[in-house]
Amino acid sequence: MMAVLDSARKADEGRVRAVTGLRDRWANLPYGWRISVLFAFIIFLYALPGLEIPLISTPDTDFTSVLFLCAVYVLVAVGLNVVIGLAGLLDLGYIGFYAVGAYTVAILGSPNSPVVIQFPWVVCVPIAIAVTMVSGVILGWPTLRLRGDYLAIVTLGFGEIIRVFALNSDITNGNRGITGVPVPSEGTWPEWMDWFPGITAGRPIFSVSNVIGFYWLALTLVFICMLGVRRLERSRVGRSWLAIREDEDAAEVMGVPTFKYKLWAFAIGAALGGLSGALFFSKQTFINAQGFDLFTSILWVAAVVIGGAGNQLGVALGAILLAYLPERFREFADYRLLIFGVALIVMTIFRPQGLLPSRRRKVELEDRAKEGAVGE
Amino acid sequence: MLLELDNVTVSYGRIEALHGISLTVGEGEIVALIGANGAGKSTTMRAISGLRPVGQGKIHFDGQDITKMRADLRVIRGVSQSPEGRGIFPGMTVRENLEMGAYTRRVRAEVDEDLQRAFDLFPRLKEREKQAGGTLSGGEQQMLAVGRALMSRPKLLLLDEPSMGLAPMLIQQIFDIIVEINQQGTTVLLVEQNAQQALSRAHRAYVLETGRIVKEGSGNDLLTDPAVKDAYLGVA
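Chains A and X, in that order, give the protein sequences. Oh and the first sequence: position 352 is 352 in full-length UniProt numbering, straight run, nothing missing. Oh and the second sequence: position 95 is 95 in full-length UniProt numbering, straight run, nothing missing.
Don't read these hints as lab results, they were simulated from the structure. Positions of the beta carbon are idealized from the N, C-alpha and C atoms, including for glycine. Just so you know, not all the hints are guaranteed correct.
Calculated pairs, EDC-like style, for lysine to aspartate or glutamate (alpha carbon to alpha carbon, straight line, at most 20 Å) [to be verified]:
(1) A:370 <-> X:84
(2) X:126 <-> X:176
(3) X:68 <-> A:249
(4) A:260 <-> A:233
(5) X:126 <-> X:112
(6) X:68 <-> X:16
(7) X:130 <-> A:367
(8) X:215 <-> X:225
(9) X:58 <-> X:16
(10) X:155 <-> X:180
(11) X:130 <-> A:366
(12) X:126 <-> X:114
(13) A:370 <-> A:249
(14) X:155 <-> X:29
(15) X:130 <-> A:24
Partial list, computed: chain X residues near chain A (C-beta under 8 Å) [to be verified]:
(16) 49
(17) 71
(18) 75
(19) 81
(20) 83
(21) 89
(22) 90
(23) 91
(24) 92
(25) 100
(26) 103
(27) 104
(28) 132
(29) 135
Input sequences plus hints: build the corresponding full structure.
Rendered as structure tokens:
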């Protein structure tokens, strides 16, 4: 058995080298080349709803809706990656923030919510982000003194508390939920967009029946957030997160205010989670507590880990797989928990660093394995 | 006195690990803390650096009460620790590790100067500059830990087991460097199991036994003390 594992691991190492080799080759390309390729890829992503690509289209569901879900999940993963991948804090109740963001928009923006005043979407969303950030701080303040497994359990509890609250509170209309969640804008497609397949001039940009507008908005937000997080990652904040993740005690004696930065990671992660929730449910136009089960929360963590925590492209890949595969292969959709569970186990054995790993995290994991082997 | 511990107790849950430690470190000294496994040496270090809360008693540093001060703020005041088990950031390169040591520093030119100094002290680190910390050998990691602790320009350098896991020749070398660092003006408090080396290099030393200080004196006095010889130097 061990021999099998070993040989599989060796083969995998070869593959890792091939991948990192590819990455090096990419990094060595001239700047202009890289920008052009990147630009082409981004255009491709925007154009996807209009392209009828035979194999990747989803026969059973509206392809653009699937793309929108992918984009929302990527946004979730980017946020969760700040918490798990960058700061190294295991958050199993991330869906709580998603719910807080979504409900804030619904409560403030819907005519059918207990709150009488009705704010437009563009006002609701910044408030939702602020509220989720605050909820992140409220959760983090008492709990971020805990480490590792303890933190995971407390956050798990948080996710569940939010769901149960939403189910029973009057402000969320309990199980009936809230209809009429506002859409980003009541505007209609202009004449000059008519050429794009699926777009008809004069029809609303944001509607449930045609989600191209939603998809483009989500995609744009994904790019903005990814760039923002990337900047953070390379700043002093990112340095501090990295140090905390690699060795919290050592970080502290280097002078890193660890608690403050962990709190920031929570708040920023929460804000992105809230934004994703707000976005997703303004497409749904209806919200109730059913969308916020813990399984989804845990699947997100799985997606981040499988994709490659710490690397934004990795976690994006994980999120896309999580959103896309059950829609593409509808017949297996019911087994997604099982499939992702098995995938997670297989990955932790053979490739704990994820599909597209962060190089640092790979070294960290090897280091930890070494320590474990010596019996520390 | 640069550092003064007055009757400090530290507990892990209900178990008290330090039962009232009092010690002083004067400016410019090398002070050693020796004792067996579990005597409370590392706990004392953690109390001083702020990684472990103090139960009773007071810690004064540079004329200021730091008993309740957060660890990261103590670094700014001038306390720097090379943590037990080295505490190297495995995914950061050697250079990045050193830069982390300068986390509290603001003047780039000074940091560059200190980087140079660290590389002068440990030429080996220069060779490994771009290598990930987790891939270094034990001795290299130890050098990195010491070099990194110096990067904050501390007034007081806390070294936890600097010779742990090193080959005899490297032990000599690392102690030579500790003396050199001290001569350049940094006060050193070090914890050691290698009592022979520690006592012969330190100005003064304390012997710790099960959470209490049982003896203190100059390094040389303790080296010749029969009880110390018997218990820690492995010669009857």
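Quick rundown of the hints versus the structure:
no.	hint	verdict
1	A:370 <-> X:84	17 Å, holds
2	X:126 <-> X:176	19 Å, holds
3	X:68 <-> A:249	17 Å, holds
4	A:260 <-> A:233	16 Å, holds
5	X:126 <-> X:112	13 Å, holds
6	X:68 <-> X:16	18 Å, holds
7	X:130 <-> A:367	17 Å, holds
8	X:215 <-> X:225	10 Å, holds
9	X:58 <-> X:16	16 Å, holds
10	X:155 <-> X:180	15 Å, holds
11	X:130 <-> A:366	18 Å, holds
12	X:126 <-> X:114	13 Å, holds
13	A:370 <-> A:249	19 Å, holds
14	X:155 <-> X:29	11 Å, holds
15	X:130 <-> A:24	16 Å, holds
16	49	5 Å, holds
17	71	4 Å, holds
18	75	3 Å, holds
19	81	4 Å, holds
20	83	6 Å, holds
21	89	4 Å, holds
22	90	4 Å, holds
23	91	3 Å, holds
24	92	7 Å, holds
25	100	5 Å, holds
26	103	5 Å, holds
27	104	4 Å, holds
28	132	5 Å, holds
29	135	7 Å, holds
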